[in-house]
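Starting from the given sequences, assemble the full structure and let the hints guide the process.
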Amino acid sequence: MIDGTGSTWFCLKAKPRQEAVAAQNLRSVGVDEIVFPRLRRTRRGHDKNKVVIEPLFPGYLFARFDPTEFQSTIRSTRGVLHLVSRAGRPVDVEQAVIDELNALGPEAILSILDEELKIGAKARVIRGIFTGSEGEIIRLATPEKRIALLLSILGSDQPVELPLGDVEGLPDEA
Numbered sequence: 000m001i002d003g004t005g006s007t008w009f010c011l012k013a014k015p016r017q018e019a020v021a022a023q024n025l026r027s028v029g030v031d032e033i034v035f036p037r038l039r040r041t042r043r044g045h046d047k048n049k050v051v052i053e054p055l056f057p058g059y060l061f062a063r064f065d066p067t068e069f070q071s072t073i074r075s076t077r078g079v080l081h082l083v084s085r086a087g088r089p090v091d092v093e094q095a096v097i098d099e100l101n102a103l104g105p106e107a108i109l110s111i112l113d114e115e116l117k118i119g120a121k122a123r124v125i126r127g128i129f130t131g132s133e134g135e136i137i138r139l140a141t142p143e144k145r146i147a148l149l150l151s152i153l154g155s156d157q158p159v160e161l162p163l164g165d166v167e168g169l170p171d172e173a
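First residue of the sequence shown: 0, per numbering that gives the first Met the number 0; consecutive thereafter.
Just so you know, the hints here were simulated from the structure itself, not pulled from any lab data. Please read these numbers as outputs of a predicted model, since none were measured by experiment. Worth double-checking, as some hints may not be accurate.
To be verified - In silico lysine-lysine, BS3-like type, Cα no more than 30 Å apart, as pairs: (1) Lys121 to Lys49; (2) Lys117 to Lys49; (3) Lys49 to Lys14; (4) Lys144 to Lys121; (5) Lys49 to Lys12.
Put into structure tokens, the structure is as follows:
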């Protein structure tokens, strides 16, 4: 809990999908230290894959400020819903947590690399009637954007052909 003296790190709840707006507006009111951790990943679509950057903790960001100076300003900042609190008092965030988030880099972006899809690799179905099933890749049909997996269905291994976007690679077990 806060002691009321000096700058402390706090967790802020942003309005839905307005974390970046909240971060920008917090800077404009004088809050200089903000950590808005994000995740870079590949989103698979029907016609192509695209790299997206989205919040690591949707709806939340972290800011360091003196609560005696900024607390009322923070609450009225566009994009901010409220300070995360317990029993009516804002909860401070430990410096070690912020250090871990800052270790992601200057933009606090964690990159997740898709596992390469290749014959013999393991994959998981992420859409459709076989969602959650895992199997071995037995064929890749690149121009048609299809993939064939060997799935265990009703006690026997069966080849199943699926759209490439319905499958994600699994890490190699080493």
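A quick look at each hint next to the structure:
The hinted pair formed by Lys121 and Lys49 meets the criterion: a straight-line CA distance of about 22 Å does not exceed 30 Å. For the proposed pair Lys117 and Lys49, the alpha carbon gap of about 19 Å is at most 30 Å, so the pair holds. In summary, the hint linking Lys49 to Lys14 is supported, as the alpha carbons are separated by about 26 Å, within the 30 Å threshold. Restraint check for Lys144 and Lys121: the C-alpha separation of about 18 Å stays at or below 30 Å, so the hint holds.
In summary, the hint linking Lys49 to Lys12 is supported, as the alpha carbons are separated by about 28 Å, within the 30 Å threshold.
Checked against the numbered hints listed earlier, the structure breaks none of them; every hint is satisfied.
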